[in-house]
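Participant: Chain by chain, the residues run as shown.
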Amino acid sequence: MSNKAVVYINQFFGQIGGEEAADHEPEVRDGVAGAAQAIAPNFDGEIVKTVICGDNYMSSNQDKAVAKILGELEDVDFDIFFAGPAFQAGRYGNACGAIGKAVKEEFNVPVVSSMNVENPGVDMFKKHIYIFPGGHSAAKMRDDAKKMAEFGNKLLNEEGPFLAEEEGFYKRGIRHQYFLPDETPAADRAIDMLLKKINGEEYQSELPIPEQDLVEIAPAIQDLSSTKIALVTSGGIVPVENPDKIQSASATRWGKYNIAGQDKLENRASNKYKTIHAGYDPAAADADPNRVVPLDALRKYQEEGRIGEIHDYFYSTVGTGTTEGEAARMGAEIAGELLEANVQAVILTST
Amino acid sequence: MVKEIERTGITVVQMANLIPVAKTVGANRMVPTISIPYPLGDPKTSEEEQWEVRYHRVGIALDALETEIEEQTVFAV
Numbered sequence: 000m001s002n003k004a005v006v007y008i009n010q011f012f013g014q015i016g017g018e019e020a021a022d023h024e025p026e027v028r029d030g031v032a033g034a035a036q037a038i039a040p041n042f043d044g045e046i047v048k049t050v051i052c053g054d055n056y057m058s059s060n061q062d063k064a065v066a067k068i069l070g071e072l073e074d075v076d077f078d079i080f081f082a083g084p085a086f087q088a089g090r091y092g093n094a095c096g097a098i099g100k101a102v103k104e105e106f107n108v109p110v111v112s113s114m115n116v117e118n119p120g121v122d123m124f125k126k127h128i129y130i131f132p133g134g135h136s137a138a139k140m141r142d143d144a145k146k147m148a149e150f151g152n153k154l155l156n157e158e159g160p161f162l163a164e165e166e167g168f169y170k171r172g173i174r175h176q177y178f179l180p181d182e183t184p185a186a187d188r189a190i191d192m193l194l195k196k197i198n199g200e201e202y203q204s205e206l207p208i209p210e211q212d213l214v215e216i217a218p219a220i221q222d223l224s225s226t227k228i229a230l231v232t233s234g235g236i237v238p239v240e241n242p243d244k245i246q247s248a249s250a251t252r253w254g255k256y257n258i259a260g261q262d263k264l265e266n267r268a269s270n271k272y273k274t275i276h277a278g279y280d281p282a283a284a285d286a287d288p289n290r291v292v293p294l295d296a297l298r299k300y301q302e303e304g305r306i307g308e309i310h311d312y313f314y315s316t317v318g319t320g321t322t323e324g325e326a327a328r329m330g331a332e333i334a335g336e337l338l339e340a341n342v343q344a345v346i347l348t349s350t
Numbered sequence: 000m001v002k003e004i005e006r007t008g009i010t011v012v013q014m015a016n017l018i019p020v021a022k023t024v025g026a027n028r029m030v031p032t033i034s035i036p037y038p039l040g041d042p043k044t045s046e047e048e049q050w051e052v053r054y055h056r057v058g059i060a061l062d063a064l065e066t067e068i069e070e071q072t073v074f075a076v
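From first to last, the protein sequence lines are chains A and B. Throughout the first sequence, residue numbering follows numbering that gives the first Met the number 0, covering 0 to 350 in sequence. Throughout the second sequence, residue numbering follows numbering that gives the first Met the number 0, covering 0 to 76 in sequence.
What the hints contain is simulated information worked out from the structure, not anything from laboratory work. There's no promise every hint is true.
[Unchecked claim] With a cut-off of at most 27 Å between alpha-carbon atoms, the simulated BS3-like pairs for lysine-lysine come out as follows: (1) A:Lys63 with A:Lys100; (2) A:Lys255 with A:Lys271; (3) B:Lys43 with A:Lys299; (4) B:Lys43 with A:Lys271.
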């Protein structure tokens, strides 16, 4: 009996469209569609269905989208679920993880995906599904899809345990009970480790504790009516000429723009503000930048006395494909300016 | 970015559509927006409706700034 797979891809890789089709509702097609073709040649079995869903639809209506897909797969006979590869696309990674986790829980089949290490989907879902490290972009489609398919074959045809160190997927933090090939007992290994530690030598823990870098929660603002608030965005809103030449993706630059005395952000048609963010359809943000940087609403609260003051500048960069390292550096630079300007509170909007 | 700002002691609220991503990255105060391309105003709705959504959600963000929290918190809209 041959193995049966279902593949999940987004609207782009399903050849439905780009950003304009990102609200596409989920659909399930028979057989191989779109980029599911990249999995097919290396998968030892048959792809029976391809699920296609718009990235924005999945992120804004996740419960509905997941329920619809699970409902349509209910009567489908399949042994494994592939999602992606999602490369460095954050929304796509989130979608692959969300549907992958749900499929695994509902149908108890293994789920395999691939994402770049910078994709936030990795940390969100590596515990739940197998995720292989992937490339930045679709240029790596063939390699990434091949890894997924080959590991899928292994999962269906071989006995485990499948260890992250050997197979190459991101560590899931799941412990397996098994005997080391050289059969050194745990007591000996522990003593060896202890001796190395005492001697200041390198040693490797068998139970590494994953690090999570959470910052201390800042205290609540006691009296907003005497507080200076700043607006910050990763949605790429800039003056139409983009004076700081902030990149449309993988940004390394940010800008600050004077909004003193302005009631709202005037739009692109008025030759004032637009978005340069390449990760979402710019039409709505260009037509009314306050949808992304809500200066008009914040001015209203200022007028009503709810807040004291709005900082004379808003700060902007682009948050698509931007590495965590660059984001942290830019965040620290912006924070330095805010401190200097005596800003006590920030509303940060992201797209 | 939100973490680096909060690290300096400035109280910050993140308004985002992808709340699970904000949580994973480490935001502490979060308010959901309505979509990715138009976080605070759906162009398919009337000007008044868009204004109401925006005014309302920014108001929740202000509430969030005034609220003491013990752990990462998503404020209901």
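Participant: Run the distance test for Lys255 (chain A) versus Lys271 (chain A): straight-line Cα separation, threshold 27 Å.
Facilitator: holds, 14 Å
Participant: So if I understand the rule, the pair passes when the alpha-carbon distance is 27 Å or less; does Lys43 (chain B) with Lys299 (chain A) pass?
Facilitator: holds, 23 Å
Participant: Starting from Lys43 (chain B), check that the Cα of Lys271 (chain A) is at most 27 Å away, please.
Facilitator: holds, 23 Å
Participant: Given the hinted pair Lys63 (chain A) and Lys100 (chain A), is their alpha-carbon gap at most 27 Å?
Facilitator: Answer holds: Lys63 (chain A) to Lys100 (chain A) is near 15 Å, not above 27 Å.
Checked against the numbered hints above, the structure violates none of them.
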